[in-house]
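Listed here are the chains, written in short residue letters.
Protein chains: 2
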Amino acid sequence: MSRFLFTIFSVLFSTILFAQNEDSVFIRKLADAVLTDGKAYDNLKVLTKTVGGRLSGSPQMYKAEAWGQKTLKDAGADKVWLQECMVPHWVRGGKDEAKFIANKKEETLDILALGNSVGTGPAGITAPVILINSFEELEKRKDEIKGKIVFYNYKFNPKFVQTFRSYGDAVRYREFGASRAAKYGAVAMLVRSMTHSVDNNPHTGALDYIDSFPKIPAAAVGLWDADKLAKTIQDNKEVKLFLRTNAKMLPDTVGHNVIGELTGSEFPDQYITVGGHLDSWDPAEGANDDGTGCVHSIEVLQALKEIGYKPKHTIRVVLFANEENGLRGGTKYGEEAKAKNEKHIFGLESDAGGFTPRGFSIGLPPEKMQHIREWLPLFKEYGVSDFVQGGGGADVGPLGELLGVPVGELMPDSQRYFDYHHSRNDILANVNKRELELGALNMAILIYLVDKYGLN
Amino acid sequence: MSRFLFTIFSVLFSTILFAQNEDSVFIRKLADAVLTDGKAYDNLKVLTKTVGGRLSGSPQMYKAEAWGQKTLKDAGADKVWLQECMVPHWVRGGKDEAKFIANKKEETLDILALGNSVGTGPAGITAPVILINSFEELEKRKDEIKGKIVFYNYKFNPKFVQTFRSYGDAVRYREFGASRAAKYGAVAMLVRSMTHSVDNNPHTGALDYIDSFPKIPAAAVGLWDADKLAKTIQDNKEVKLFLRTNAKMLPDTVGHNVIGELTGSEFPDQYITVGGHLDSWDPAEGANDDGTGCVHSIEVLQALKEIGYKPKHTIRVVLFANEENGLRGGTKYGEEAKAKNEKHIFGLESDAGGFTPRGFSIGLPPEKMQHIREWLPLFKEYGVSDFVQGGGGADVGPLGELLGVPVGELMPDSQRYFDYHHSRNDILANVNKRELELGALNMAILIYLVDKYGLN
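Residue numbers (this note's numbering), protein chains in the order written: chain A, 467 to 922; chain B, 467 to 922.
It should be emphasised that the hints constitute simulated quantities derived from the structure, not laboratory data.
Predicted model, so just to flag it, every value in this text is computed and none were measured.
One should not assume that every hint holds.
[Claimed, not checked] Here are the simulated DMTMM-like cross-link-like pairs (lysine to aspartate or glutamate), alpha carbons at most 20 angstroms apart as the crow flies: (1) A:Lys625 to B:Asp503; (2) B:Lys621 to A:Asp665; (3) B:Lys776 to B:Glu550; (4) B:Lys846 to A:Asp498; (5) B:Lys625 to A:Asp665; (6) A:Lys846 to B:Asp852; (7) A:Lys846 to B:Asp718; (8) B:Lys515 to A:Asp665; (9) B:Lys846 to A:Asp852; (10) B:Lys505 to A:Asp852; (11) A:Lys771 to A:Glu602; (12) B:Lys565 to B:Asp693; (13) A:Lys505 to B:Asp498; (14) B:Lys625 to A:Glu847; (15) B:Lys846 to B:Asp544; (16) B:Lys621 to A:Asp498; (17) A:Lys625 to B:Asp498; (18) A:Lys505 to A:Asp540; (19) A:Lys621 to B:Asp693; (20) A:Lys621 to B:Asp852; (21) B:Lys539 to B:Asp508; (22) B:Lys529 to B:Asp693; (23) B:Lys570 to B:Asp701; (24) A:Lys515 to B:Asp609; (25) B:Lys625 to A:Asp540; (26) A:Lys511 to B:Asp508.
[Claimed, not checked] On the chain B side, residues computed to face chain A include the following (Cβ under 10 angstroms): (27) Thr629; (28) Leu830; (29) Lys834; (30) Gln836; (31) Asn898; (32) Leu921.
[Claimed, not checked] Computed far set for chain A versus chain B, every beta-carbon distance over 12 angstroms: (33) Phe492; (34) Val500; (35) Glu563; (36) Thr574; (37) Phe733; (38) Glu840; (39) Ser851; (40) Pro878.
Using N, Cα and C, we set each Cβ at its ideal position, and we do this for glycine too.
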């Protein structure tokens with residue numbers, strides 16, 4: 467361990483109080499509240515360990531909604547209510563199974579059916595498997611696809627430093643690979659998981675069927691097994707794949723956004739929204755996706771309340787329903803705000819994990835970005851060092867699109883996110899308490915500054 | 467998961483190539499080498515899983531030295547050799563045991579004897595335990611200490627954002643608590659572990675006995691057990707503690723710095739040093755302390771070699787002996803450099819873990835710091851966003867002190883470091899492959915820039 471780093475930080479600490487003004491004093495108070503008395507980690511523990519995975523339409527979704535209402539009340543919200551919306555109801559229906567058969571030997575593969583996919587039926591599907599490395603290759607070999615299971619082995623690109631860029635590059639195979647293969651007569655689809663991880667866990671996630679092609683079963687396979695299968699196909703004349711998934715889409719059901727407010731003292735009818743999504747995939751606990759975003763948002767309210775801050779505008783914490791396979795909660799929230807002609811100042815989301823905070827992505831024109839970058843010195847001590855012109859997250863998107871409200875998203879460090887995302891590893895143990903708290907703290911700082919100074 | 471973040475990063479990616487000059491092209495090549503073909507993680511796997519914990523003087527120390535020589539040769543060093551130095555030889559000697567006895571009931575505590583401490587003898591020590599929250603309290607209650615076991619329960623301060631600052635604040639109890647208690651007649655010492663962790667693992671580390679006081683046995687206790695013991699002492703009239711540790715200090719033995727060079731093309735007799743320390747505490751695998759610093763440093767050499775870079779100066783990778791309980795390797799390296807009148811340009815260390823890189827601490831005067839901050843845009847894409855005026859790490863310290871060489875240290879994100887530091891959790895599973903690679907990459911970028919432009 468470095469014996470020197472701590473002396474360096476001592477020096478740092480004495481110099482960072484350069485802007486000993488009202489804001490930095492307030493922010494230090496906020497930091498002390500979050501770092502010594504924060505509830506984010508304990509709240510996340512309850513959500514992950516007593517509710518667990520909470521897919522739209524599942525019994526756990528309703529447990530999560532009850533957790534959200536109680537936790538927002540305990541955090542000190544002036545008002546807590548449910549906003550109803552219809553949500554899709556996809557069920558996995560049992561254990562997903564796959565094995566390949568080559569040279570008369572069988573080997574099991576670790577898979578997870580993709581969200582929204584159809585099942586194979588109880589007998590499963592057995593068919594020759596074809597290795598396809600890209601959509602370009604699919605098009606070239608379209609005449610070989612009929613009657614086969616297509617295995618897309620497109621790899622997460624390690625050269626992108628920001629892992630979300632690797633995801634954006636690869637996720638089209640998960641989203642559209644089934645329909646594009648079905649177009650040429652494929653009977654099922656298997657896709658390499660969207661991850662840089664060093665383990666073999668499969669990573670599920672939503673697919674989008676294109677209506678004009680048959681709906682075929684689809685699943686994701688972990689990296690070790692993907693490599694093994696690819697090698698087996700390269701080394702053998704014929705490899706068959708057996709796939710059994712039990713998934714089905716039931717009729718839409720009722721879900722809810724869970725909303726808690728801290729009422730504005732000057733402009734109670736003007737809103738600042740901060741949220742994450744309450745639903746998660748089913749293989750694990752939905753810790754980083756997006757339990758952390760929910761507890762981040764609740765902590766913003768809790769910490770501001772705890773130190774006695776009276777916001778000028780109403781601060782609304784929204785735990786959105788159904789981000790993962792429908793975005794129905796975010797859509798409902800935006801539509802209702804528009805229908806009621808609500809005035810919204812800003813929408814902030816946390817949906818990129820509970821990792822150490824590094825920046826915010828905010829959807830403002832360049833000159834306004836330049837203006838709010840003057841706030842950056844106030845964040846420096848606490849982790850955020852950059853405001854990137856962008857936008858998002860998904861759930862606050864409709865608020866931006868329908869009402870023209872500026873929206874933004876916390877950008878935590880992205881390296882570990884896809885190790886856990888939609889896999890069995892998305893559990894509390896993979897959230898660091900202090901990284902989580904610092905994410906909440908930086909969000910609270912931004913909300914405070916927007917409430918005080920606006921975005922104009 | 468955020469559907470928007472990846473589009474933001476797409477936009478980012480197209481704008482970051484602002485400085486499409488020779489350096490940014492070279493650095494992109496370096497990044498591609500480290501991120502697609504890096505050996506840091508595989509090297510760390512071998513070190514942690516086949517050597518494991520490697521305390522100075524232990525058989526594993528020699529295995530680690532052999533690993534270092536082989537790995538440096540495989541990485542492409544032009545020359546690899548050992549630099550001999552005498553190292554302390556402390557042994558734990560068996561399982562550490564503790565229990566408290568209150569109200570006729572016994573309860574076991576999870577402890578680890580402190581490095582350099584003496585043992586209790588095979589019978590152990592049983593004595594009344596006194597709860598002391600600070601050195602100030604110790605002084606006030608000095609008349610109550612005689613014949614007792616002092617339990618220091620000073621807490622890691624959560625308000626410091628940089629965890630090294632919390633460590634700097636608390637570690638004096640581990641380092642000097644035993645002697646300060648022995649001064650007033652204490653028979654043994656127990657200290658609350660130096661960590662923000664959410665588990666109960668005890669964290670060991672070196673103590674420094676003050677020669678004028680008796681050497682008493684000393685151990686660290688995990689946080690849950692520390693809280694339990696503190697509460698028991700508060701709730702009961704008398705609490706006894708039983709402590710059995712088997713530690714002893716054997717005579718100094720021979721150890722080695724392991725050194726590998728990439729010979730300079732213009733100034734082969736001028737050196738840039740990059741290193742980490744090879745020794746580690748014994749409870750785990752020494753993954754983040756400091757296996758990561760060793761493989762970071764080797765990767766700098768490996769990556770520069772792989773892309774065909776011919777350094778102007780000789781780049782020396784040094785895997786230092788005995789940082790943890792003596793600093794003998796770093797001292798030897800500095801002393802020998804001075805005795806040989808070697809010309810050194812820069813010394814860089816990695817000893818703060820394999821976490822996502824955020825900055826460098828560098829020991830240069832303000833005007834020179836300002837000058838090298840012009841390099842920061844070249845780092846922006848890869849994680850480092852700040853150069854802090856400082857210095858360190860420990861092992862390159864003597865190079866700075868004896869020769870006046872500027873020295874610096876990688877500053878990874880600090881939140882997780884003390885969760886693992888000197889505890890059973892310092893294992894490979896707590897190192898993320900890509901965070902590790904990005905640390906090595908940013909070090910390689912800095913070494914390249916220093917080699918090319920110097921620090922003046």
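Right, here's what the structure says about each hint:
1. Taking the CA atoms of lysine 625 of chain A and aspartate 503 of chain B, the gap is about 10 angstroms. The hint holds against a cut of 20 angstroms.
2. Of the pairs offered as hints, the one joining lysine 621 of chain B and aspartate 665 of chain A is violated, with about 36 angstroms between alpha carbons and a cut-off of 20 angstroms exceeded.
3. For the suggested pair lysine 776 of chain B and glutamate 550 of chain B, the alpha carbons sit about 29 angstroms apart, so the restraint of at most 20 angstroms is broken.
4. Pair hint lysine 846 of chain B plus aspartate 498 of chain A does not hold up; C-alpha atoms about 30 angstroms apart against a cutoff of 20 angstroms.
5. Between lysine 625 of chain B and aspartate 665 of chain A the CA atoms are separated by roughly 35 angstroms; this puts the pair beyond 20 angstroms, and the hint is violated.
6. Note on lysine 846 of chain A and aspartate 852 of chain B: the hinted pairing holds, with a Cα-Cα distance of about 10 angstroms set against a maximum of 20 angstroms.
7. A distance of roughly 46 angstroms separates the Cα atoms of lysine 846 of chain A and aspartate 718 of chain B; the hinted pair therefore is violated under the 20 angstroms criterion.
8. At most 20 angstroms may separate the alpha-carbon atoms for a hinted pair to count; lysine 515 of chain B and aspartate 665 of chain A meet this at roughly 16 angstroms.
9. Distance restraint check for lysine 846 of chain B and aspartate 852 of chain A: the Cα-Cα separation of roughly 10 angstroms lies within the 20 angstroms cut-off, and the hinted pair is therefore satisfied.
10. A C-alpha spacing of about 31 angstroms is found between lysine 505 of chain B and aspartate 852 of chain A, which places the hinted pair above 20 angstroms, so the restraint is violated.
11. Annotation: proposed proximity of lysine 771 of chain A to glutamate 602 of chain A is violated, straight-line Cα distance about 55 angstroms (limit 20 angstroms).
12. In summary, the hint linking lysine 565 of chain B to aspartate 693 of chain B is supported, as the alpha carbons are separated by about 14 angstroms, within the 20 angstroms threshold.
13. In summary, the hint linking lysine 505 of chain A to aspartate 498 of chain B is not supported, as the alpha carbons are separated by about 41 angstroms, beyond the 20 angstroms threshold.
14. With a CA separation close to 11 angstroms, the supplied pair lysine 625 of chain B and glutamate 847 of chain A stays within the 20 angstroms bound.
15. Between lysine 846 of chain B and aspartate 544 of chain B, the direct Cα distance comes to roughly 32 angstroms. Violation of the 20 angstroms bound is thereby established for this hinted pair.
16. The suggested pairing of lysine 621 of chain B with aspartate 498 of chain A holds, with an alpha-carbon distance near 15 angstroms, which does not exceed 20 angstroms.
17. Only pairs whose Cα atoms come within 20 angstroms are accepted, and lysine 625 of chain A paired with aspartate 498 of chain B is accepted, the gap being roughly 6 angstroms.
18. For the proposed pair lysine 505 of chain A and aspartate 540 of chain A, the alpha carbon gap of about 10 angstroms is at most 20 angstroms, so the pair holds.
19. Annotation: proposed proximity of lysine 621 of chain A to aspartate 693 of chain B is violated, straight-line Cα distance about 48 angstroms (limit 20 angstroms).
20. Taking the CA atoms of lysine 621 of chain A and aspartate 852 of chain B, the gap is about 32 angstroms. The hint is violated against a cut of 20 angstroms.
21. Pair hint lysine 539 of chain B plus aspartate 508 of chain B holds up; C-alpha atoms about 15 angstroms apart against a cutoff of 20 angstroms.
22. Only pairs whose Cα atoms come within 20 angstroms are accepted, and lysine 529 of chain B paired with aspartate 693 of chain B is rejected, the gap being roughly 39 angstroms.
23. The straight-line distance between the Cα atoms of lysine 570 of chain B and aspartate 701 of chain B is roughly 14 angstroms, inside the 20 angstroms bound, and the hint therefore holds.
24. Our distance criterion of 20 angstroms between C-alpha atoms is broken by lysine 515 of chain A and aspartate 609 of chain B, whose separation comes to about 48 angstroms.
25. At roughly 24 angstroms between alpha-carbon atoms, lysine 625 of chain B and aspartate 540 of chain A are farther apart than 20 angstroms, so this suggested pair is violated.
26. Restraint check for lysine 511 of chain A and aspartate 508 of chain B: the C-alpha separation of about 33 angstroms exceeds 20 angstroms, so the hint is violated.
27. Annotation: threonine 629 of chain B was flagged as interfacial toward chain A, and the flag holds, the nearest CB pair being 8 angstroms apart, inside 10 angstroms.
28. For leucine 830 of chain B, the shortest C-beta to C-beta distance to chain A is roughly 13 angstroms, which exceeds 10 angstroms, and the interface hint is violated.
29. At its closest, the beta carbon of lysine 834 of chain B sits 16 angstroms from a beta carbon of chain A; the interface hint therefore is violated under the 10 angstroms criterion.
30. Proximity of glutamine 836 of chain B to chain A is violated relative to the hint, the smallest CB-CB distance being about 15 angstroms (cut-off 10 angstroms).
31. For asparagine 898 of chain B, the interface hint holds, since its Cβ comes within 10 angstroms of a Cβ in chain A; the closest pair sits about 5 angstroms apart.
32. Look at leucine 921 of chain B: its Cβ only gets to about 18 angstroms from chain A, farther than 10 angstroms, so that hint breaks.
33. Annotated as non-interface, phenylalanine 492 of chain A keeps its C-beta farther than 12 angstroms from every C-beta of chain B; the closest such distance is 15 angstroms.
34. Distance to chain B contradicts valine 500 of chain A as a non-interface residue, since its nearest Cβ pair spans about 9 angstroms, not more than 12 angstroms.
35. Distance to chain B confirms glutamate 563 of chain A as a non-interface residue, since its nearest Cβ pair spans about 26 angstroms, more than 12 angstroms.
36. Distance to chain B confirms threonine 574 of chain A as a non-interface residue, since its nearest Cβ pair spans about 24 angstroms, more than 12 angstroms.
37. Taking the minimum C-beta to C-beta distance to chain B, about 28 angstroms, the non-interface status of phenylalanine 733 of chain A holds against the 12 angstroms cut.
38. With a least CB separation of 18 angstroms from chain B, glutamate 840 of chain A remains clear of the 12 angstroms interface cut-off, as annotated.
39. Residue placement check: serine 851 of chain A does not keep its beta carbon more than 12 angstroms from all beta carbons of chain B (closest about 5 angstroms).
40. For proline 878 of chain A, the shortest C-beta to C-beta distance to chain B comes to about 10 angstroms, within the 12 angstroms cut-off, and the non-interface label is violated.
The structure fails to meet hints 2, 3, 4, 5, 7, 10, 11, 13, 15, 19, 20, 22, 24, 25, 26, 28, 29, 30, 32, 34, 39 and 40 from the earlier list, while all remaining hints are met.
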